[in-house]
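In order, the protein sequence lines correspond to chains A and B. Take the first sequence: its letters are residues 1 to 446, numbered as in my numbering. Take the second sequence: its letters are residues 1 to 446, numbered as in my numbering.
One should not assume that every hint holds.
[To be verified] List time: in silico EDC-like cross-link candidates among lysine to aspartate or glutamate, alpha-carbon distance up to 20 Å: (1) 80/B - 139/B; (2) 80/A - 197/B; (3) 34/B - 12/A; (4) 80/A - 202/B; (5) 102/A - 162/B; (6) 80/B - 12/A; (7) 36/A - 12/A; (8) 333/B - 304/B.
Keep in mind that the hints were calculated from the coordinates and are not lab data.
Number of protein chains: 2
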Amino acid sequence: MNSHTQSSKPADVRPHVVIIGGGFAGLNAARAFKGKDVRVTLLDRKNHHTFQPLLYQVALAALSPAEIASPIRTAVRGQKNVEVLIGTADGFELDRRVVRLKEGIEVSYDYLIVATGATHSYFGHPEWAKIAPGLKSLEDATEIRRRILLAFELSERESLLEGIQRPINFVVVGAGPTGVELSGAIAEISQHVLKTDFRGTDPRRARVILLEGGPRVLASYSEDLSAKAQKQLEELGVEVHTSTMVTNLEPGVVHVGEKKIDAAVILWAAGVQASHLGKALGSPTDRSGRVLVDDRLNIPGHPEVFVLGDLAHFEQDGAPLPGVAQVAIQTGKYAAAEIVRRIGNQPSRVFHYHDKGSMATIGRARGIGQIGKTHLSGFPAWFAWLCIHLVFLIGYRNRVAVLLDWMWQYLSWQSGARLITGSDNLPGWHQHHAAEEKLPEEQKVG
Amino acid sequence: MNSHTQSSKPADVRPHVVIIGGGFAGLNAARAFKGKDVRVTLLDRKNHHTFQPLLYQVALAALSPAEIASPIRTAVRGQKNVEVLIGTADGFELDRRVVRLKEGIEVSYDYLIVATGATHSYFGHPEWAKIAPGLKSLEDATEIRRRILLAFELSERESLLEGIQRPINFVVVGAGPTGVELSGAIAEISQHVLKTDFRGTDPRRARVILLEGGPRVLASYSEDLSAKAQKQLEELGVEVHTSTMVTNLEPGVVHVGEKKIDAAVILWAAGVQASHLGKALGSPTDRSGRVLVDDRLNIPGHPEVFVLGDLAHFEQDGAPLPGVAQVAIQTGKYAAAEIVRRIGNQPSRVFHYHDKGSMATIGRARGIGQIGKTHLSGFPAWFAWLCIHLVFLIGYRNRVAVLLDWMWQYLSWQSGARLITGSDNLPGWHQHHAAEEKLPEEQKVG
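Just chain A, same shape as in the assembly (with noise of 0.2 Å):
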């Protein structure tokens, strides 16, 4: 194994900031040291920043993958101070100030910021995930949308060759923003797409069906958007199942306790947990791997070693902060200006997070929105959903083009990207239905 340090030229004596992970808290970290006189290496596995709040869109059809995602060689094209590295970060020694990369090689650093986020849980059950994607990556998101075309291709070819009606069920597992947006959009293009482009299907045979766990939809609103966002999501025809407990998944079968669901397709929204980067820094972590971290976002003992968006557990007001892309991005920034300050001598600041407000949208035209104490839904939270998002995506040209196509469908209800790609195998003429009998209706769980 070779030890190296960033350059061949041995003069650079900047400080240097080694940042892991090319998301919010990572990208706007190293945005907001641009023009410091420090040194920033950005590393990340892939070579894009991914704007997940979109991901759905993608996973829907309605967006294509290069329009949400930003290379984040491009997103910091401007910034003479940062180098953009791809690698597997998987490991640190932090008494010599060293990560580790898969690769075999190590990078040392003055200031470290691990920022690597968070990925699907199946709570103990690794097996499911095949049987049932969640929705983090662009090829994620592409896989979901190979399924749920599919679906609709699969049924055509039994009516029309086999004159067999059979119901699409598609399910979704949890209910919090993900699960409520896929949800949604799901009903909407289903009833939709298949009244314009298939010929054999009848649009009424598809079903959408969400199952939460807990007491009600997107538990982290207040009670009366949570109410309001029920009745949104039943209004454009989803099967909402609260208090429901998915106990077993088998391809194309959802077990709910002794209740057995058809699925065409299974979506996965039910969980996430931190990033394995986390419990590798050898610091204490909470139940779901998010490391503890400081009123400054260190962890114990290293004041040169930040934490950031999803992988840190940082609590204000007694409870931790959110998943959210605002909590990652806020994070970001103070972690750059607090190794700013701590250069150049400066007072030191903790760090408070200022919740502006969060949103989801449902389908084409509704959504709820809590911004302070105000609460929004239907049309004008998803109108101010649409304007935040837009302003957020990263890059000009993604905002234009996704902005274009926003238009395009909503004034045509059509969609370029409907592509099935990836694997060649289709799924085989009777092996896409678990059960051959039809679905009786007794066997809707609630």
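Given chain A, put chain B in place with the hints provided.
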């Protein structure tokens, strides 16, 4: 195995045309049936038509997959007499007029159109496919994009962390239109991308090596245009080696007789073979598997079976027609018209190909074209190429999107599609280059 008619309604007595393949030939045939009193079933393994002439731009991250592909359903949405089915044809029973699908069902027809095109030929070395991908599908294009972008990323990492400045060799095998377009575009992107996006990589280290077994590039064009194309490639920095046969491929190494060329990326554009469905028709084929058809594109003894596009071997003026989009489009339109004539008891006509000219593009503002006796090269050829490809692109929305993207790139040298997606497995640190030594200049071929 079940045999089914195409619809559960027994009253449909219209002649049933089954088209296999949604490429240029099959899609144009389907569209030419618009308003005619036939029932058309368009069958494809994929749900989208791919505009193959622009695939290389997806491979070079200039365009996104969704911009050059169109769901087949969308492309025939306006036609009430066309049903689209996703499935894999794997055999025929011509006497019973039945197509067998891999999925274990049969589709019967009155007229059959087989237009499943061509794929890569590795000249008896299928193991080379993984080492040197070809360019026929969206999946191929995103895989090539991944390899090209990763080559730059790994070089950047190596030079920043280890101070090693190694040549980045891109070897393209085959100097037909695809090989010429790929190598010209790689040469251009590497000069410009490396300059603006990478800090540690010297652009002059990128070498593009184009290997052609025959005596000249773009051999289907006249000798003067071949020479002009080679000159334009060399102006872009491509090292062109004609009469150079590749004798073996290993990961990262191209063998040319006794010589070895280290390669960060190897791309295959050297040969095509017809789809295996051609042989399944049981009719004579040529050396590359194309089905010999008569003057009406039928196979012997089966006037109800048409073979079109790249899958057909049709002789005109003493030579088989080339595997280009124009041939596919014209055979598609002819077959539909001929079927309509036969159903209406109108006089049959023979097929005749009208050569409207051909063109190839080289980089951002160069190209060659041959339109009748007019030979174009340089900027006029490139501009004509651009207009024609915009016109032939399927779908109004795609045309607008591609035009906007091209304008944006022409003005800014930027591109928003530079994503590395797919496999999470980055090549290992020291596996990327086959040899550790620097590549000596003498290893250049030719």
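- When you check the alpha-carbon spacing of residue 80/B and residue 139/B, does it fall within 20 Å? Violated, at about 31 Å.
- Message: Need the status of pair residue 80/A, residue 202/B: alpha-carbon distance at most 20 Å?
- Response: Satisfied, since the Cα-Cα distance of roughly 16 Å is no more than 20 Å.
- Message: residue 80/A and residue 197/B were given as a pair; does the straight-line alpha-carbon distance stay at or below 20 Å?
- Response: holds, 10 Å
- Query: Does the structure keep residue 34/B and residue 12/A at a Cα separation of 20 Å or less?
  - Reply: Distance ~69 Å between residue 34/B and residue 12/A Cα, so the pair is violated.
- Taken at face value, is the distance from the CA of residue 12/A to the CA of residue 36/A at most 20 Å? Holds, because 14 Å separates the two Cα atoms, which is no more than 20 Å.
- Taking only the CA atoms, is the gap from residue 333/B to residue 304/B under or equal to 20 Å? Holds - the C-alpha atoms of residue 304/B and residue 333/B are around 16 Å apart, at most 20 Å.
- Message: Against the 20 Å threshold, does the CA-CA distance of residue 80/B and residue 12/A hold or violate the hint?
- Response: Measuring from Cα to Cα gives roughly 69 Å; hence the hint is violated.
- Message: Hinted pair, alpha-carbon criterion (20 Å max): residue 102/A, residue 162/B. Please report holds or violated.
- Response: Measuring from Cα to Cα gives roughly 15 Å; hence the hint holds.
This entry does not satisfy hints 1, 3, 6, going by the numbered hints stated previously.
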